[in-house]
Amino acid sequence: MRVALLVTHIRAEEKLIIEAFNNRDISPDIILDRELNFEISSGPGQPAPSGSAWREYDMVFERCVSTSRGMYALAILNSWGIRTFNTYETAAICGDKLRTSIALTRHGIPQPHTRVAFTPDSAMQAIEDVEYPAVLKPVTGSWGRLLARVHNRDSAEAILEHRQTLGDYNHHIYYVQEYVDKPGRDIRAFVVGDRTIAAIYRESNHWITNTARGGLATNCPVTQNLDDICVRAARAVGGGILAIDLLEDAGGNYVVNEINHTMEFRNSSQPTGVNIAQAVIDYVIEQARVTA
Amino acid sequence: MTNQTPPCPECDAEVEIPADAMENELVACPDCGVELEIMSLDPVGLELAPEIEEDWGE
Ligand SMILES: Nc1ncnc2c1ncn2[C@@H]1O[C@H](COP(=O)(O)OP(=O)(O)OP(=O)(O)O)[C@@H](O)[C@H]1O
Ligand SMILES: [Zn+2]
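If you read the protein sequences in the order shown, they are chains C and A. The first sequence runs 666 to 957 under my numbering. The second sequence runs 237 to 294 under my numbering.
Calculated lysine to aspartate or glutamate pairs in the DMTMM-like style (CA-CA distance at most 25 Å, straight line):
1) K680/C with E283/A
2) K680/C with E250/A
3) K680/C with E252/A
4) K680/C with E259/A
No lab work stands behind these hints: they were computed from the structure. These figures come from a predicted structure and were not determined experimentally.
All chains, please: the whole structure from these sequences, using the hints.
Written as structure tokens, this is what we have:
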């Protein structure tokens, strides 16, 4: 089986993925997104930076830390009929919090009350509608960047004014959420195909509990209930290899916060005792075989 | 890897290259913490890793 691993650079996760492929006697060609130069209309016969034609690959596994490079590469490869993990469709939905919210809604999956508005004035109204404290997020972006919790009208005005001065139009899409009064932690669950293979709690004294922000990871047992909502959420965005981030509300119910399509997992195998990279790679190999 | 490893381009500290290092792998400078990219292995070449961009993440 010929596999291309598309990366921005090699991090701990990519090393684990390469090792997991090697364990199955597959040695992926590593392709750097900085070297991509596609001719859009001449199809998969053209050479990849590795020298092989794209069509020779049974799959392209996308692990770019650059979300936009990864997404457009998937768009092109899928348009040529090349199997990728994840698919462009899934990446495009997960890369956009608003599109994720729409997909979750369509599939009846619980999520925080969310509004969207396009100007500071209407965003102020949206914040007052969800009530304080409210959470303001960029629709694209990760690692908790530019997330804000607003407690009153004064701080809302200051933050909206600041966002409006940021040049990028992305920051003028005001995605406003109710603050979920969670118990000092969130949950990250790893879904591979139709199965939740592991989950962690991420605990922190800060309201942003991401491990990217230094949250502590401990094992979270995968109950039937948790598996059910995670698998449904994964299907809602097109399925694949996904990290579902959930919050527990004041009543102890799960709400899906967001879904990541190029997940980080280096700190999650140790607390859960699950070899996440191997589970992922065994799944993609099997998928490539059954539909070959 | 017995080669002489070049120092951190930012602070001159000695950077340890893991035995299983790969090309294009990121390593952190133990002294200044800057992220470095291993550009080549034989001999080892280090460069500052590219700055994080706004769309980077999961
Ligand atoms: N509506 C909310 N109510 C309470 N806490 C929230 C809410 N939204 C986000 N958080 C907290 O902030 C953290 C980061 O939020 P979110 O995942 O939306 O940001 P992100 O930048 O996409 O992060 P990443 O993609 O790295 O997971 C969550 O893990 C959670 O702890
Ligand atoms: Zn240094």
